[in-house]
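**Q** Those protein sequence lines, which keep their order, are chains B and Z.
Residues in the first sequence are numbered consecutively from 5, following the working numbering.
Residues in the second sequence are numbered consecutively from 120, following the working numbering.
Don't read these hints as lab results, they were simulated from the structure.
Keep in mind that this is a model prediction, so the values were computed, not measured.
One thing to keep in mind: the hints can contain errors.
To be verified - Below are the SDA-like pairs computed for lysine to any residue, each with C-alpha atoms no more than 25 Å apart in a straight line:
#, chain 1, residue 1, chain 2, residue 2
1, Z, LYS383, B, ARG229
2, B, LYS383, Z, SER246
3, B, LYS85, B, ILE75
4, B, LYS232, Z, PHE122
5, B, LYS383, B, ALA260
6, B, LYS232, Z, SER246
7, B, LYS232, Z, VAL124
8, B, LYS383, Z, PRO243
Claimed, not checked - Listed below are several chain B residues computed to face chain Z (Cβ distance under 7 Å; list not exhaustive):
#, residue
9, ASN186
10, VAL214
11, SER219
12, SER222
13, ASN226
14, ASP243
15, VAL246
16, ALA276
17, GLY278
The beta-carbon is built from N, C-alpha and C at its ideal position, and this holds for glycine as well.
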Amino acid sequence: MNRNRRNFLKVGAAAGALTLTGFPHIWSRNASLAYAADGEIKVGVLFSLTGTTAIIEESLNKATLMAIEEINAAGGINGMKITPVIEDPASDPATFAEKARKLVLSDRCVSVFGSYTSASRKAVLPVFEKQDNLFWYPTLYEGRECSKNVIYTGAVPNQQQDDFIPWLVEKFGKRWYLIGSNYIYPKEENNYCKKLLEKLGAEVIAEEYVPLGHSEFSSVINKFRSEKPSVIFSTVVGDSVVALHRQYRAAGLDPATMPMASLTTSENEVAAMGGDAAAGHFTSAPYFMVFDSPENQKFVEAYRSRWGGDKVTHFVSESSYFQVHLFKQAVAKLAASDISPVTIREAVKGEQYKAPQGLVKVEPENLHCWLRPKIGQCKADGQFEILTQSADWLEPNPYSAYPNQKCTAEGLKEI
Amino acid sequence: MDFVVSQILTGLSLSSILLLVALGLAIIYGVTGVINLAHGEFVMLGAYGAWLLQTQFGWNVLASLFVIFLAIALLGWLLEATVIRHLYDRPLDTILATWGLGVMIQQIVRLTAGGELRYVQMPPGLSGSVDILGATDSAYRLFVLGVALGLFALTWSIYRYTTFGLKLRAITQNRAIASSFGINSGQAYRATFAYGAGIAGLAGALISPLKSVSPEMGTTYVVDAFMVVVLGGVQSLMGTLASSAVLGEASGLLAYFSNDTIAKALVLVAIVIIIRFRPQGLFAPRVRA
Numbered sequence: 005m006n007r008n009r010r011n012f013l014k015v016g017a018a019a020g021a022l023t024l025t026g027f028p029h030i031w032s033r034n035a036s037l038a039y040a041a042d043g044e045i046k047v048g049v050l051f052s053l054t055g056t057t058a059i060i061e062e063s064l065n066k067a068t069l070m071a072i073e074e075i076n077a078a079g080g081i082n083g084m085k086i087t088p089v090i091e092d093p094a095s096d097p098a099t100f101a102e103k104a105r106k107l108v109l110s111d112r113c114v115s116v117f118g119s120y121t122s123a124s125r126k127a128v129l130p131v132f133e134k135q136d137n138l139f140w141y142p143t144l145y146e147g148r149e150c151s152k153n154v155i156y157t158g159a160v161p162n163q164q165q166d167d168f169i170p171w172l173v174e175k176f177g178k179r180w181y182l183i184g185s186n187y188i189y190p191k192e193e194n195n196y197c198k199k200l201l202e203k204l205g206a207e208v209i210a211e212e213y214v215p216l217g218h219s220e221f222s223s224v225i226n227k228f229r230s231e232k233p234s235v236i237f238s239t240v241v242g243d244s245v246v247a248l249h250r251q252y253r254a255a256g257l258d259p260a261t262m263p264m265a266s267l268t269t270s271e272n273e274v275a276a277m278g279g280d281a282a283a284g285h286f287t288s289a290p291y292f293m294v295f296d297s298p299e300n301q302k303f304v305e306a307y308r309s310r311w312g313g314d315k316v317t318h319f320v321s322e323s324s325y326f327q328v329h330l331f332k333q334a335v336a337k338l339a340a341s342d343i344s345p346v347t348i349r350e351a352v353k354g355e356q357y358k359a360p361q362g363l364v365k366v367e368p369e370n371l372h373c374w375l376r377p378k379i380g381q382c383k384a385d386g387q388f389e390i391l392t393q394s395a396d397w398l399e400p401n402p403y404s405a406y407p408n409q410k411c412t413a414e415g416l417k418e419i
Numbered sequence: 120m121d122f123v124v125s126q127i128l129t130g131l132s133l134s135s136i137l138l139l140v141a142l143g144l145a146i147i148y149g150v151t152g153v154i155n156l157a158h159g160e161f162v163m164l165g166a167y168g169a170w171l172l173q174t175q176f177g178w179n180v181l182a183s184l185f186v187i188f189l190a191i192a193l194l195g196w197l198l199e200a201t202v203i204r205h206l207y208d209r210p211l212d213t214i215l216a217t218w219g220l221g222v223m224i225q226q227i228v229r230l231t232a233g234g235e236l237r238y239v240q241m242p243p244g245l246s247g248s249v250d251i252l253g254a255t256d257s258a259y260r261l262f263v264l265g266v267a268l269g270l271f272a273l274t275w276s277i278y279r280y281t282t283f284g285l286k287l288r289a290i291t292q293n294r295a296i297a298s299s300f301g302i303n304s305g306q307a308y309r310a311t312f313a314y315g316a317g318i319a320g321l322a323g324a325l326i327s328p329l330k331s332v333s334p335e336m337g338t339t340y341v342v343d344a345f346m347v348v349v350l351g352g353v354q355s356l357m358g359t360l361a362s363s364a365v366l367g368e369a370s371g372l373l374a375y376f377s378n379d380t381i382a383k384a385l386v387l388v389a390i391v392i393i394i395r396f397r398p399q400g401l402f403a404p405r406v407r408a
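If we strip away everything but chain B, and leave its shape as in the complex, we get:
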């Protein structure tokens, strides 16, 4: 008994000494070495491949993987390969959090690219803040978030609306009907929209929210008919948007006099509702598939040859693509031993990249991106015609509807 115990203690002590000398990074505070070991850099890819939002998130997954493959084929980052660890959170916020924890803690990914809905972003946020890791979020969203652990590459309300709302007021008029799905995103977008409309002297004749998944719009359309708004500002999402457009068309309303203006209707949604139902309506976004630039031509061609000739690219898959390139540029500035989520965050501040939509930049203060908004009108073939684009890139302001708050590098400030 005694002997055994003594042996055990001896072996244990030896093993302890070995660990201390042999694998110093496990014990030392500077654990950065583990993030870029054996010539590979591990990143997490966290998009739902099953469940309700899988339809759209699958395209984001594809764009992300394509960007990683491109970078690896061109020699990687300073000779190191990016290794994606792909997880399927199944459109469920709780699973998102669980998979994020796995990617950050047991896979030791240096960054995670992922998620589409705000609900899933909010679910993973505590994981990244607690572990001081980095989450790259490609979707346009409602703003009002200020985290040191998220790089936001999609548009916030001011970027989609600052040009769009005045343009619509001038072209169509001042009677606005706001219709949205009943959750946080439409309400925040409408908050900002109402501010802009007030400044322009336009009138909100109705603000209405329908339940998520709602598919019967005949009463709403009746109200359109009797109120005769000059613009219908729609933040209806998901399958509701298909029903709204198809019933609008069936009712014989005319987009030329009463257009719907949307921030979320992309090529992807148009494919689901049919070009005939979407034709004539307007969308504001930093990217459209038809945008004419050498970078976009390359992106669309690469995407179609990699994933299929009938696939569409859209404004969320574009940002999923360029954010990986921003990641690459940031990591390339670092020595292999310095690579960690925190150093990447510092390195990506102010970083610029020539994306398919044009040159974009990460704002050092709030980690959102300077983007190039455009206004598109949908055509019957399911593509958009770009009517105008902002003269310059537009600064991201996640607190645009709340002038007394500002997101800075030190966190949220009350002014």
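Following the hints, put chain Z in place on chain B, whose structure we already have.
**A** For chain Z alone, kept in the frame of chain B given last:
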């Protein structure tokens, strides 16, 4: 004036969709007592049928209606013969079994047709709008209203005027005594289930040009259908007609004066209150017990 007319038309359109979706459920529940939770999936399959025939063969929705009715009725017939038949008089088990069937059908569709939202083209002749007494309404919605009423009339006539209908009514009142008089209740049940499923498929195909088509679409319809049937009173076709009219007009009107979120909540509250005081529904038939 045109506001009143267009509001009535909106309500009628809502009612017609409710009636279409609820009719099949009402027949199945009324005759066999099976609570068919897969009913929404029959509706969804009908919509996918319309989408499939359109994208594969270029068929117009109207042309595909009959084929879809037959196909979904056949499916209903098979499901009755293989699963439901063994579960009569075991209401809890049928709920579980039909729910399971619904989940399976949903996933099969997702695996074969994909999870994307789909759409069905409106038939060209009906894609415009028409003026009625100064109000404008979608021609297709009026057409759906016509079909719903036609189907109801057909079903009601079968129930009322044919020998088969007489047998059904006998079984509904008392299965054991009907059987002892030589009525083959098993056969009648199977035919009823198939017919109800077929009508659900028809409903799905008819509403597909107005809505988005997705594997989950059935879930909302099955809830609506149950609301209509419970409010109208089970075993009463006229009750189904009346309650879909009441529910459609009420939710249309409430949604006009407030919004759809509140309308939905108020309608549900109203149903709860009515059921509290009239558990047999608005139009319960008088059955001699």
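**Q** Can B:ASN186 be said to touch chain Z, with a Cβ gap under 7 Å?
**A** holds, 5 Å
**Q** Checking one constraint from the list: CA of B:LYS383 to CA of Z:PRO243, max 25 Å. Satisfied?
**A** holds, 19 Å
**Q** Regarding the pair B:LYS383 and Z:SER246, is the alpha-carbon distance no greater than 25 Å?
**A** holds, 18 Å
**Q** Report holds or violated for the interface hint on B:SER219, using the least CB-CB distance to chain Z and a cut-off of 7 Å.
**A** Hint on B:SER219: holds, closest Cβ of chain Z at ~5 Å, below 7 Å.
**Q** For the pair supplied as a hint, Z:LYS383 and B:ARG229, is the alpha-carbon distance within the 25 Å limit?
**A** Roughly 22 Å between the alpha carbons, so the hint for Z:LYS383 and B:ARG229 holds.
**Q** Just to be careful: measuring from the Cβ of B:GLY278 to every Cβ in chain Z, is the smallest value less than 7 Å?
**A** Result: holds, 5 Å to nearest chain Z Cβ.
**Q** Does the interface hint hold: is B:SER222 within less than 7 Å of chain Z, judged Cβ to Cβ?
**A** holds, 5 Å
**Q** Are B:ASP243 and chain Z close enough, Cβ to Cβ, to be under 7 Å, as the hint says?
**A** holds, 4 Å
**Q** Return the status of the interface hint for B:ASN226: holds when the least beta-carbon distance to chain Z is below 7 Å, violated otherwise.
**A** Holds: closest Cβ of chain Z sits about 5 Å from B:ASN226, inside 7 Å.
**Q** Would the hint on B:VAL246 stand, with a C-beta cut-off of 7 Å toward chain Z?
**A** The hint holds - B:VAL246 has a Cβ within 7 Å of chain Z, the shortest such distance being about 3 Å.
**Q** Going by Cβ atoms only, is B:VAL214 closer than 7 Å to chain Z?
**A** holds, 4 Å
**Q** For B:LYS232 and Z:SER246, compute the direct alpha-carbon distance and say whether it is at most 25 Å.
**A** holds, 21 Å
In terms of the numbered hints stated before, the structure departs from none.
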